[in-house]
Amino acid sequence: MDRPPSPAPLTRQAPSVLHVDMDAFYAAVEQQHKPSLRGKPVVVGGVGLRGVVSTASYEARAFGVRSAVPTALARRLCPNAAYLYPRFAAYHAVSTVVMQLLRELSPLVEPVSLDEAFVDLAAMPDGAPRDIEQVRGIAEELRSRIARRTGLTASVGGGTSKLIAKVASDAQKPDGCVIVPVGGELDWLDPLPVRALWGVGPATADRLRKIGVGTVAELRVLTESDLVGLLGTAWGGMLFRLARGMDARAVEPERPTKSISAEDTYPHDLADRAAMRAAVTQLAERVVRRLRSAGHTGRTVTVKARGHDFTTVTRSETFGAPTDDERLVVEAAIRLLDDAVPAATASSTGIRLLGVGISGLADYAQGDLVAELARLERALGAAEARAQAGAGDGGAPGDGEAGTGFAEPNPAGPDGEPPPGAGAGAAAAHGESGPAVPAVTLFGPVPVDRAARRWLAGQDVRHAQRGPGWVQGAGVGRVTVRFEGPDTGPGRIGTFRADDPDLEPLDAGEVAREALRSRQSPA
DNA sequence: TCTGGGGTCCTAGGACCC
DNA sequence: TCTGGGGTCCTAGGACCC
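So that you can map any letter, position 229 of the first sequence is 229 in UniProt numbering, and since no number is skipped, the others follow by simple counting.
Simulated from the structure, these hints should not be mistaken for laboratory data.
Misleading hints may appear alongside valid ones.
Unchecked claim - Straight-line C-alpha distance at most 20 angstroms; calculated SDA-like pairs for lysine to any residue:
hint, residue 1, residue 2
1, Lys-34, Arg-148
2, Lys-40, Tyr-85
3, Lys-210, Val-228
4, Lys-258, Asp-325
5, Lys-258, Ser-293
6, Lys-173, Arg-130
7, Lys-40, Pro-174
8, Lys-173, Ser-144
9, Lys-34, Arg-50
10, Lys-210, Pro-174
Using the sequences and the accompanying hints, generate a full structural model.
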């Protein structure tokens, strides 16, 4: 078929994205730790009745054992393999070493999992590589460093995008190194099955197969609207571009956690209510423990139940405010369980899996709070210094009201435009003199009375009116007092438990007022 | 051979508000 | 009184990745 003229529109001038993929990682770590396993088939995964394989060593793959194969089948295919339960702590330790080596190369590293990462060589401190030979040299040097430090092999792919780098790292596994030259992208992609494209799984491959599309080259026959019609807006458009080697996704070093969950498949179906409640309680406790140790709170609890025939159902519930209270999460999980189980067992009896998850994580992290406060102090200090240098007279907003508690709304400032969402009179607390009054966001199920509202009306309030959980009765979760001002940027003053029995109902306003006053009083 | 556990992202419908 | 459209949030399910 006709091929559109190469090269595809690409932005990079060199194949500066690397994809590093450790070979048969879990199995390789086990072989490294236990020399008697070297050269022998090793299978790491669930070893129980309903387990599946996580990783098979290359020796085991020769027998047809690969990831996601049920362990029961694997044992039949390869009875002489060593079957090992995963030891994540060990894999984590090795992974840390590898990721550190990558970061020594370039600060822009995006871990995909314990055994995989993208590295953006364009961010190398000593200058980005300019041609393919330089990239090849860097990649080979990296591979030998990894081998020296860990005793393990990695396959590395390089290209002008994540897509190409990933395809390249797969091309000569294990222990391979392939760099795709600029302009050579389509030659690599064309013969590959569509499954090789990131995001094309069994379902999409099946739909494409039904219309006669099996390879990437064949995929390019379809128009964008064909694909959008087939797969929806987001996917259709994405796949249309991927098929042309167009992939503008950046290497993103830090992606915030969105949810935390735990689930168990039971070797034998659970049948009675008491056992299910006990199981879901244990799962909820596990999740809360991990939530807390990550320094997070969350708003939405989800319970998952899978019946004997694999019918899978989820039920969720959202609190008015984020929490990490174990009791609340357990209670919600049990409520949800009672709704989910009948749905999951509608067409068969018994529950094979239960899970509990928390999402809607708040950006509250205990460990960060101190650093955050220090950063805010500096920002406010700088704003104050600028303001005082600029305008002789002080009279910081907020200062004068210290005695009465709540300010009357400030008159609108000269620079007009109240921020979006600002209440009446909220405009321009940063007037002609004095430091900017930071905007304040309050959220949490805190009863806020009229005095607090009046006080807020005098602030540069951006989000308060629409914050989730704003003015709710239940004593759940935490209150975060944040501000965002033109000179300070967004930040938090502090986070306080709203369900602390020692705190008075007015805490949100009180806390904000106190915090601002203590930071804004002129020295 | 009955199919893990940790996640992410997208879609679609309904509620609710403006 | 009837009608409407947009935006956001919540819920449920599904596809996908390692």
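Consistency of the hints with the structure:
| no. | hint | result |
| --- | --- | --- |
| 1 | Lys-34 with Arg-148 | 18 angstroms, holds |
| 2 | Lys-40 with Tyr-85 | 16 angstroms, holds |
| 3 | Lys-210 with Val-228 | 16 angstroms, holds |
| 4 | Lys-258 with Asp-325 | 18 angstroms, holds |
| 5 | Lys-258 with Ser-293 | 15 angstroms, holds |
| 6 | Lys-173 with Arg-130 | 26 angstroms, violated |
| 7 | Lys-40 with Pro-174 | 16 angstroms, holds |
| 8 | Lys-173 with Ser-144 | 15 angstroms, holds |
| 9 | Lys-34 with Arg-50 | 26 angstroms, violated |
| 10 | Lys-210 with Pro-174 | 33 angstroms, violated |
Hint compliance for this structure: hints 6, 9, 10 are broken, all remaining hints hold.
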